[in-house]
Each structure stands twice: as C-alpha cells, then as structure tokens.
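Visitor: Sequence:
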Amino acid sequence: MTMPDPVAVGRDLTVGEVARRSGVAVSALHFYERKGLIRSLRSAGNQRRYPREVLRRVAVIKVAQRVGIPLAAIGEALAALPEGRTPTEEDWRALSLSWRQELDLRIDRLTRLRDQLDQCIGCGCLSVKACRLRNPHDALAREGPGARLLDPG
1 MTMPDPVAVG RDLTVGEVAR RSGVAVSALH FYERKGLIRS LRSAGNQRRY PREVLRRVAV
61 IKVAQRVGIP LAAIGEALAA LPEGRTPTEE DWRALSLSWR QELDLRIDRL TRLRDQLDQC
121 IGCGCLSVKA CRLRNPHDAL AREGPGARLL DPG
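Numbered according to the UniProt record's numbering, the sequence shown spans residues 1 to 153.
Treat the hints with care, since some could be wrong.
Cβ pair distances, simulated, as ranges [stated by the list, open to error]:
no. : residue 1 : residue 2 : range
1   : Leu113    : Arg93     : 26 to 32 Å
2   : Ala94     : Gln47     : 31 to 37 Å
3   : Leu113    : Leu81     : 31 to 37 Å
4   : Ser27     : Thr88     : 27 to 33 Å
5   : Glu33     : Ser98     : 21 to 27 Å
6   : Leu97     : Gly36     : 22 to 28 Å
7   : Glu89     : Ala28     : 20 to 26 Å
8   : Arg106    : Ala80     : 17 to 23 Å
Think of the hints as simulated: they come from the structure by calculation, not from any bench.
Backbone N, C-alpha and C fix where the C-beta goes; we use that ideal spot for every residue, glycine too.
Using the sequences and the accompanying hints, generate a full structural model.
Guide: What follows is the structure, given as structure tokens:
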C-alpha cells in the first residue's frame with residue numbers, strides 16, 4: 001500500500017475537490033462563499049483554493065440546513081467563532097444546543113398549526129371572518145365588515 005504524498009495531503013483544495021469530497025455542487029460552494037460562510041484564497045493563476053478545514057465548515061452548513069436552520073443563522077453562528085475558525089467539537093456542541101432550542105420552538109409552533117389545520121379541515125369553512133388559519137388575530141372582525149382604521153393624516 002502506497003502512502004499519500006505528504007505535500008498533496010497538506011495542500012489546499014480546488015473547488016472541484018471540495019465539491020467531490022463534500023458532496024456539494026460547485027455552484028453551492030460559490031454561493032456559500034458569496035454569503036461569507038466559507039472563504040477561499042486565489043492561486044497565482046487566479047483559481048480558488050480552499051484550506052482543508054473548509055470541508056468541516058461545509059459539513060456543519062449542510063447538517064444545519066438539513067434540520068432547517070436558515071443560512072443567515074448559520075452565517076451568524078460561524079461568524080461568531082474566534083477568527084472565523086472552523087468549528088471544533090466544543091463549538092459544535094454550543095451551536096447545536098442553540099439551534100436545538102430554535103428547532104424545539106419551531107416544532108411546537110408547527111404542531112399547533114397542524115392541530116388547527118385538523119380543525120379547519122373538520123369545519124371546511126375557510127372563511128375570512130371565522131377561520132383562525134386564514135385570518136389569524138383579526139381583532140377588527142368583531143366590529144363588522146368594512147374599513148375600521150382612521151387615516152391619521
């Protein structure tokens with residue numbers, strides 16, 4: 001069995017290599033870079049070169065996206081790391097804990113919406129006046145039809 005060339009092991013990766021190793025399309029890597037989620041350097045030939053730790057950053061991005069964390073929140077979390085470093089195991093625990101709390105809130109909200117949807121299907125009205133899903137928090141409906149707010153001007 002031949003050992004890998006130590007120079008090749010330590011060298012930066014091309015965008016194609018990152019795409020192959022991470023399972024992410026080149027266009028997605030460019031998008032992540034434009035959004036500031038990952039960074040590259042430029043070679044003498046002006047080609048993108050990524051440090052190897054970008055693979056871990058891309059993995060964190062993909063896992064977070066898969067569980068529904070918005071890219072903006074992922075970007076904020078990665079930007080908060082010291083010197084923009086790649087997340088360590090300890091960083092991941094902190095990130096996943098904060099995201100877990102956000103996901104718990106989202107699951108609770110979606111569960112309530114699902115339960116309201118069941119009730120809505122039961123009544124079948126989809127009425128603007130009465131339906132809590134179609135017209136939530138409509139406090140002015142109690143005052144009857146028509147415009148109710150006065151122009152402050």
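Visitor: Are there hints from earlier that the structure breaks, and if so, what are their numbers?
Guide: Checked against the structure, no hint fails, so every one of them is satisfied.
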